[in-house]
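Respectively, the protein sequence lines represent chains R and U. The first sequence stops at residue 199 when you use our numbering, and every number in between is there. The second sequence stops at residue 380 when you use our numbering, and every number in between is there.
Just so you know, the hints here were simulated from the structure itself, not pulled from any lab data. This structure is a prediction, so every number in the text was calculated from the model and none was measured. It is possible that part of the hints are untrue.
[As the list claims (entries may be wrong)] Heads up, simulated SDA-like pairs for lysine to any residue below, C-alpha to C-alpha not over 25 Å straight-line:
id, chain 1, residue 1, chain 2, residue 2
1, R, 177, U, 81
2, U, 67, R, 177
3, U, 326, R, 27
4, U, 236, U, 80
5, U, 363, R, 194
6, U, 236, U, 59
7, R, 31, U, 326
8, U, 67, U, 281
9, R, 98, R, 64
10, U, 356, R, 177
11, U, 237, U, 173
12, U, 338, R, 64
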Amino acid sequence: MKLEYTEQLLLKGLANNDSKAIETIYKDNFKMIQNFIINNNGDYDDARDVFQEAMIALYEKVQSESFVLTCKINTYVYSVCRRLWLKRLQSQGKFSNQMDYVEETVPIEDDLEIHEKRNAEFAIMERALSSLGEPCKSLIEGYYFKKMDMQAIAKEFGYTNADNAKNQKYKCFMRLKKLFFSQYNIGE
Amino acid sequence: MSIQREDIAMIQNVERYLEGKMLPNEIAYFEQLRKNIPEIDEMVVEHNMLMHQLNNYSNRIDFKNSLNDIHEKLASHGDISEGEDVTTKGRIIQLYNKYKRVTAIAASVGGFIALVISALVSSIAPSNNNDKLEQLGREVAQIQQKQQNQGNTINEVTRHFTENDIIVTSGGTGFLIDADGYLATNAHVLHGSSNAYVMSSTHHNYDASIVYRDEVRDIAILKIDDSDFAPAKKLPYSIKKSEVELGEELFTLGYPRNDITYNKGDLSALTGFNGDTLSCQIQMSANPGNSGGPVFNKNGDVIGILSTREKQSQGVSFAIKSKNIFRLVDELKKKDNTIEISLPTSTSSLKNKDRVNQIKQIENCVYLVKAFNKKLN
């Protein structure tokens, strides 16, 4: 099935972090998911959580090079949310058989497997960064997240020159590497 | 752990190589090195992986933030609804009505005073009794001066209070709801006082101002106004909007004494005293001073504010459900759009950590709140 032109544009926007595109997808799909969650034992917070997780899954999917979406965006989002919510209900022991199919669904098991793996990686990175301590955490965030140059980092953190800041950053990077991979291997 | 100079030189080369900052002949030389020395090859692969992971991590955080922003935006424009519109609108109207009355009273009192003064002046002026008139003037001047003096001292107090000048009227616990220094506590903790200061778990005192108090919900918002206060980047916990579950394991931190104190219990009823739906019941032995403290679930999410206990029965306490904080902050923002409080809603970073580590991260966000009045000389 060929996607409509506008849908393709939206997905392209999503991949490029275009806020207008993200907002449009959000607006077009949120209500449907909210109704679905609320009609199936959930509350407003659950709806927001599940929907946003599905958005993250879609976002990370469109960014991969091998990305192909063979259905409409709303079908994909609904399928992911439905699966995520079912899983959450089961883990809370609240599973009900009468979960209604209001929309068609597509198989998303493989995508969710990738998504779960990414969730695990995210959690490991979160832990590694938080046990890194300061100033390392902020140095790493400054250089790799905010893409600050070493001159600016040296100034902000109070190093006398960019070289010293750089040295410190490498030390921090090595510590982070150790922390991350010690967890990552266990996780495999 | 000591890191050699050579290690740093090597890691620098790896990074330059991966970021494409090497010159062509450097690249050729470096690739030869990779081929010949497996350790270096391994280093490159690991470095690349970690950079990739850091990238994914930061992208996801940015994306999550933009999702939350979009959600708030759509909700405020009414494009999506979370079922709370009716109640908040009702409240606003109530507030408006309340204020309308207060304004009307203030206006009529003002009018009355004006009438009395003009009557006084007109009765005094034609009698040519200049002494009396002067006296009156001086008195007013004196009063004005006194008022100004008081104004000065109050300013001084809020800037740098000294323990001798104040009478602490009551105290309790408060916790950060925004890393910039906004705290939530119980309104009854303030006990009608107009000033407050807070003390951190490391016994540092900070000046605070009372931003808002809602006696009905029994929640007050304070703001730490102190140049010594260094705002945290992000709060370790989130505040739950959703309902709690019966039997959930809970804990609290508070100041029944001068040192921060831990206490735990279970959620024993979904409603509070006499079926009050704003609050819930907790099997926990709370003490005076615990009031205003945060109640956490086992993941470290704030689910309520500890507020009262039952006199007759041992170990029964009540907490105001945390979703009331959201409602209160929404109201506050609508009343005063200069206030920027963003409540932490993303998943708590305390999940899956043991209690000791959770507390370590939480404790510097929980403060002793002391309400005081200035001592009259």
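Going through the hints against the structure:
1. With a C-alpha separation of about 48 Å, the suggested pair residue 177 of chain R and residue 81 of chain U falls outside the 25 Å cut-off, and the hint is violated.
2. Pair hint residue 67 of chain U plus residue 177 of chain R does not hold up; C-alpha atoms about 30 Å apart against a cutoff of 25 Å.
3. The hinted pair formed by residue 326 of chain U and residue 27 of chain R fails the criterion: a straight-line CA distance of about 35 Å is larger than 25 Å.
4. For the given pair, residue 236 of chain U sits about 29 Å from residue 80 of chain U by alpha-carbon distance, which is inconsistent with the 25 Å threshold.
5. For the hint linking residue 363 of chain U to residue 194 of chain R, the alpha-carbon distance of about 22 Å falls within 25 Å, and the restraint holds.
6. The suggested pairing of residue 236 of chain U with residue 59 of chain U holds, with an alpha-carbon distance near 21 Å, which does not exceed 25 Å.
7. Our distance criterion of 25 Å between C-alpha atoms is broken by residue 31 of chain R and residue 326 of chain U, whose separation comes to about 30 Å.
8. Of the pairs offered as hints, the one joining residue 67 of chain U and residue 281 of chain U is violated, with about 30 Å between alpha carbons and a cut-off of 25 Å exceeded.
9. The suggested pairing of residue 98 of chain R with residue 64 of chain R holds, with an alpha-carbon distance near 13 Å, which does not exceed 25 Å.
10. For the given pair, residue 356 of chain U sits about 32 Å from residue 177 of chain R by alpha-carbon distance, which is inconsistent with the 25 Å threshold.
11. A hinted pair counts as satisfied when its Cα atoms are at most 25 Å apart, and residue 237 of chain U with residue 173 of chain U does not qualify at roughly 30 Å.
12. Between residue 338 of chain U and residue 64 of chain R the CA atoms are separated by roughly 33 Å; this puts the pair beyond 25 Å, and the hint is violated.
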